[in-house]
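Participant: As a plain string of letters, each chain reads:
Number of protein chains: 4
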Amino acid sequence: MNNTKRTPIVILNFKTYLESTGINAVNLATASEMVAEETGINMVVAPQSSDIYQLSNKVNIPVFAQHIDAVDAGGHTGSTLIECVKEAGADGSLINHSEQRMKLADIDVAVKKLAQKNMVSVLCTNNIETSAAVATLKPDFVAIEPPELIGSGIPVSKAEPEIVEGTVEVIHKIDPEISVLCGAGISTGDDMKAAMDLGADGVLLASGIIKADDPKEALLNLVSKI
Amino acid sequence: MNNTKRTPIVILNFKTYLESTGINAVNLATASEMVAEETGINMVVAPQSSDIYQLSNKVNIPVFAQHIDAVDAGGHTGSTLIECVKEAGADGSLINHSEQRMKLADIDVAVKKLAQKNMVSVLCTNNIETSAAVATLKPDFVAIEPPELIGSGIPVSKAEPEIVEGTVEVIHKIDPEISVLCGAGISTGDDMKAAMDLGADGVLLASGIIKADDPKEALLNLVSKI
Amino acid sequence: MNNTKRTPIVILNFKTYLESTGINAVNLATASEMVAEETGINMVVAPQSSDIYQLSNKVNIPVFAQHIDAVDAGGHTGSTLIECVKEAGADGSLINHSEQRMKLADIDVAVKKLAQKNMVSVLCTNNIETSAAVATLKPDFVAIEPPELIGSGIPVSKAEPEIVEGTVEVIHKIDPEISVLCGAGISTGDDMKAAMDLGADGVLLASGIIKADDPKEALLNLVSKI
Amino acid sequence: MNNTKRTPIVILNFKTYLESTGINAVNLATASEMVAEETGINMVVAPQSSDIYQLSNKVNIPVFAQHIDAVDAGGHTGSTLIECVKEAGADGSLINHSEQRMKLADIDVAVKKLAQKNMVSVLCTNNIETSAAVATLKPDFVAIEPPELIGSGIPVSKAEPEIVEGTVEVIHKIDPEISVLCGAGISTGDDMKAAMDLGADGVLLASGIIKADDPKEALLNLVSKI
Numbered sequence: 001m002n003n004t005k006r007t008p009i010v011i012l013n014f015k016t017y018l019e020s021t022g023i024n025a026v027n028l029a030t031a032s033e034m035v036a037e038e039t040g041i042n043m044v045v046a047p048q049s050s051d052i053y054q055l056s057n058k059v060n061i062p063v064f065a066q067h068i069d070a071v072d073a074g075g076h077t078g079s080t081l082i083e084c085v086k087e088a089g090a091d092g093s094l095i096n097h098s099e100q101r102m103k104l105a106d107i108d109v110a111v112k113k114l115a116q117k118n119m120v121s122v123l124c125t126n127n128i129e130t131s132a133a134v135a136t137l138k139p140d141f142v143a144i145e146p147p148e149l150i151g152s153g154i155p156v157s158k159a160e161p162e163i164v165e166g167t168v169e170v171i172h173k174i175d176p177e178i179s180v181l182c183g184a185g186i187s188t189g190d191d192m193k194a195a196m197d198l199g200a201d202g203v204l205l206a207s208g209i210i211k212a213d214d215p216k217e218a219l220l221n222l223v224s225k226i
Numbered sequence: 001m002n003n004t005k006r007t008p009i010v011i012l013n014f015k016t017y018l019e020s021t022g023i024n025a026v027n028l029a030t031a032s033e034m035v036a037e038e039t040g041i042n043m044v045v046a047p048q049s050s051d052i053y054q055l056s057n058k059v060n061i062p063v064f065a066q067h068i069d070a071v072d073a074g075g076h077t078g079s080t081l082i083e084c085v086k087e088a089g090a091d092g093s094l095i096n097h098s099e100q101r102m103k104l105a106d107i108d109v110a111v112k113k114l115a116q117k118n119m120v121s122v123l124c125t126n127n128i129e130t131s132a133a134v135a136t137l138k139p140d141f142v143a144i145e146p147p148e149l150i151g152s153g154i155p156v157s158k159a160e161p162e163i164v165e166g167t168v169e170v171i172h173k174i175d176p177e178i179s180v181l182c183g184a185g186i187s188t189g190d191d192m193k194a195a196m197d198l199g200a201d202g203v204l205l206a207s208g209i210i211k212a213d214d215p216k217e218a219l220l221n222l223v224s225k226i
Numbered sequence: 001m002n003n004t005k006r007t008p009i010v011i012l013n014f015k016t017y018l019e020s021t022g023i024n025a026v027n028l029a030t031a032s033e034m035v036a037e038e039t040g041i042n043m044v045v046a047p048q049s050s051d052i053y054q055l056s057n058k059v060n061i062p063v064f065a066q067h068i069d070a071v072d073a074g075g076h077t078g079s080t081l082i083e084c085v086k087e088a089g090a091d092g093s094l095i096n097h098s099e100q101r102m103k104l105a106d107i108d109v110a111v112k113k114l115a116q117k118n119m120v121s122v123l124c125t126n127n128i129e130t131s132a133a134v135a136t137l138k139p140d141f142v143a144i145e146p147p148e149l150i151g152s153g154i155p156v157s158k159a160e161p162e163i164v165e166g167t168v169e170v171i172h173k174i175d176p177e178i179s180v181l182c183g184a185g186i187s188t189g190d191d192m193k194a195a196m197d198l199g200a201d202g203v204l205l206a207s208g209i210i211k212a213d214d215p216k217e218a219l220l221n222l223v224s225k226i
Numbered sequence: 001m002n003n004t005k006r007t008p009i010v011i012l013n014f015k016t017y018l019e020s021t022g023i024n025a026v027n028l029a030t031a032s033e034m035v036a037e038e039t040g041i042n043m044v045v046a047p048q049s050s051d052i053y054q055l056s057n058k059v060n061i062p063v064f065a066q067h068i069d070a071v072d073a074g075g076h077t078g079s080t081l082i083e084c085v086k087e088a089g090a091d092g093s094l095i096n097h098s099e100q101r102m103k104l105a106d107i108d109v110a111v112k113k114l115a116q117k118n119m120v121s122v123l124c125t126n127n128i129e130t131s132a133a134v135a136t137l138k139p140d141f142v143a144i145e146p147p148e149l150i151g152s153g154i155p156v157s158k159a160e161p162e163i164v165e166g167t168v169e170v171i172h173k174i175d176p177e178i179s180v181l182c183g184a185g186i187s188t189g190d191d192m193k194a195a196m197d198l199g200a201d202g203v204l205l206a207s208g209i210i211k212a213d214d215p216k217e218a219l220l221n222l223v224s225k226i
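Chains as they are written, first to last, in my numbering: chain A, 1 to 226; chain B, 1 to 226; chain C, 1 to 226; chain D, 1 to 226.
The hints are simulated quantities; they were obtained by calculation from the structure and are not laboratory data.
Even glycine gets a Cβ: it sits at the ideal position worked out from N, Cα and C.
Treat the hints with care, as some may be off.
[What the hints assert, rightly or not] Taking lysine-lysine pairs in the BS3-like style, the calculated list, with each CA pair at most 25 Å apart, reads:
| # | chain 1 | residue 1 | chain 2 | residue 2 |
| --- | --- | --- | --- | --- |
| 1 | D | K5 | D | K173 |
| 2 | B | K173 | C | K173 |
| 3 | B | K103 | C | K112 |
| 4 | C | K173 | B | K138 |
| 5 | C | K173 | C | K193 |
| 6 | C | K173 | C | K112 |
| 7 | B | K112 | C | K103 |
| 8 | B | K103 | D | K173 |
| 9 | D | K103 | C | K103 |
| 10 | D | K112 | D | K138 |
| 11 | A | K103 | B | K103 |
| 12 | B | K112 | C | K193 |
| 13 | A | K173 | D | K5 |
| 14 | B | K103 | C | K138 |
| 15 | B | K112 | B | K58 |
| 16 | D | K173 | A | K138 |
| 17 | A | K173 | D | K216 |
| 18 | A | K193 | A | K158 |
| 19 | A | K103 | C | K103 |
| 20 | B | K138 | A | K58 |
| 21 | D | K173 | A | K173 |
| 22 | A | K138 | D | K138 |
| 23 | B | K173 | C | K112 |
| 24 | B | K103 | C | K193 |
[What the hints assert, rightly or not] Where chain B lies over chain A, by a calculated footprint (3+ residues, C-beta under 8 Å):
| # | stretch |
| --- | --- |
| 25 | 9-18 |
| 26 | 79-93 |
The following block holds chain A by itself, in its conformation from the complex (with noise of 0.2 Å):
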């Protein structure tokens, strides 16, 4: 747990792009662990569903959900449980993603599960208000993306500094212990620089490697300045 939370750490979101789903999603794992293994950068990866148990089996880096529904075990139909993803071999879990925005009291169940279960909570937030508000429910990380940005491959850590600094320091205010990730545009080693140096403990990202050429050679790069 301690090593699946090391700080400075790159996540890797796997989303649903087809370049990130099955064997793809083995191929850019096992890159994305040859560059844990080169740099010592701790490298997460967070697939589908359906490929945590695959990959969880065959990388030997933390495998993070990429959501998981605030249900208990139960009657509940194509929802995602934290005990399924945790057998499956999930070491922890995106919630709130912009591209999957949960409830209020559905986040802070989500937190508390993954706590309860010993697993990584990584709560995205879209600003520095929100991001304030989910320090209070103590996550591990808070990922700040603001959604313009996503996928834009302009960096937030460029675009809009004072987003990521205000950030960072609303949220040690409240809680200390929460490390702070920065998303959205992301893609180089000066985008993670810059985020690193406004305060961030690491980038959550996604788009900027899978769609690169050689996922393995960016991931590289984007970890070369720190």
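On the provided structure of chain A, position chains B, C and D as indicated by the hints.
Facilitator: Chains B, C and D alone, transformed into the frame defined by chain A:
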């Protein structure tokens, strides 16, 4: 594929019970496989997404997803992409289960996607009217489950036989190629026989088997009268 | 009621534009009423919930809600109860608009509730397949609106005439009593005439009129060729 | 506005009961107005959207909406636009009620929109943790309602006093300007007094009054001990 759709069919929806999660899911699928071999009945298991890969690799019976989202590959964190569940080994999917109701426009997309991928669609409905509506969309199966009987232990085939008969009638009037399943409250051989006598081609069931002391015995009993 | 459903019909969806909110909604409804009086066309306005009471008291043309929820009277804070919109003066309601898509089971409930209350149901759909599906539910009107054309200024009756024709055909094959409306991109007299020539009984439209410099003139132009 | 937020405050959520719809809503609002006049207590009514216009024109007490959507003016058929409910006469709105839970990002938008429009925000929460979370967003009121007690007739102020006390404490630690309301199961003068003694500034209630044989008497009893 033909084999996957063969009737009479028994589809066991694993829902999100702990008794049908992870290693328990493997055991339950193995029991289903044994019943299929011993009886020749087409037994299908529908585990949670994270268990699809493992189950499809360990048992030699069809594995269905519990749900797919009406999304194309892309930026849809936390969604269930059909390409992913298919590559994990799913041969079909439930859609519009009463615990995961979908918008009509999304049901239409999901049925089309399953057909395009040569996967079996099992479209759940709640009454005769919605069964007629979805029959026009040409799913492989329509599973009629009056919500008030789900998990009740009261079999729809006995409590409301006119719903099963009426559903079979309106569906076959629209498209005789669609098979009709009977869900909700089914657990014994008598329940299943009553369903088949009313015109159903099989059953969709869950807790009656999953929560049984001996699921394999319960499955053998279920199919004993057909 | 008969009068409320009379065709050709023009239903003006006020959506949530400021140009059709509050006092502006009153003015727009008054313009619609004048056009109804001058031309004899059945003009219907569909304002936001909070404007229904005022409009139904100030104009003498039918007023429809934009949506009703599939809930019974009870503890449903924030929901739109059919009894409330009816008592406020609504004569019918749009349901399943592309900006307010509903679950299939809820569409079925809403159509039945509207019929029970002697209110007109206008069921929006996105393509031929979903139009056929809902025709089995016996709404008064089906309004076909390809989502990609909504608000585009490109009239579906000209850009995709085969969708309008195909929808009319499949709906009337299932139930000849259902009237078909054409939505999406309609704004001129030519657009509406093209829709009627393809078999539509009227149009459902919004921004083309609401955003016009002179909405009354725009409405007069709209109905000038039928 | 100051007057609208004056405490002690009683907010009566009309929900979607027939006893508080249409003409019944007018009568209930009139009873509330009489109690306000007789006792000097700040009585607020929160009717359904379609009843706001009529009520705000007939009674001289604050009228709140039950919900607003986090949308800007535009193409959002069926949504509840803040500009519309304000022009209809609403002075504030409940948001995130347990029967209308919102995504965190949308709660943030709704609170900001209400402040911009000089309207009162009453943000409902389910426990101490989510109350602390939303306190950072600076709503005017936080209304704590443990979901299991809503409509139960068991007053939270007696059944779970530590939740009320704990909520008051965490909220005032974050922002002492926020007023705390106590909801769920409140119906008598004793219940309300117990709530006030625990630090609440008022109550949010519904069925206990709406379903009473004589709502005015029930309201007079409610405020009799403060």
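Participant: Hint by hint, note whether the structure agrees.
Facilitator: Status of the hints after comparison with the structure:
no., hint, in the structure
1, D:K5 / D:K173, "20 Å, holds"
2, B:K173 / C:K173, "13 Å, holds"
3, B:K103 / C:K112, "17 Å, holds"
4, C:K173 / B:K138, "17 Å, holds"
5, C:K173 / C:K193, "23 Å, holds"
6, C:K173 / C:K112, "21 Å, holds"
7, B:K112 / C:K103, "18 Å, holds"
8, B:K103 / D:K173, "43 Å, violated"
9, D:K103 / C:K103, "19 Å, holds"
10, D:K112 / D:K138, "9 Å, holds"
11, A:K103 / B:K103, "19 Å, holds"
12, B:K112 / C:K193, "33 Å, violated"
13, A:K173 / D:K5, "30 Å, violated"
14, B:K103 / C:K138, "18 Å, holds"
15, B:K112 / B:K58, "29 Å, violated"
16, D:K173 / A:K138, "17 Å, holds"
17, A:K173 / D:K216, "47 Å, violated"
18, A:K193 / A:K158, "10 Å, holds"
19, A:K103 / C:K103, "19 Å, holds"
20, B:K138 / A:K58, "39 Å, violated"
21, D:K173 / A:K173, "13 Å, holds"
22, A:K138 / D:K138, "19 Å, holds"
23, B:K173 / C:K112, "22 Å, holds"
24, B:K103 / C:K193, "32 Å, violated"
25, 9-18, "holds (count 5)"
26, 79-93, "holds (count 9)"
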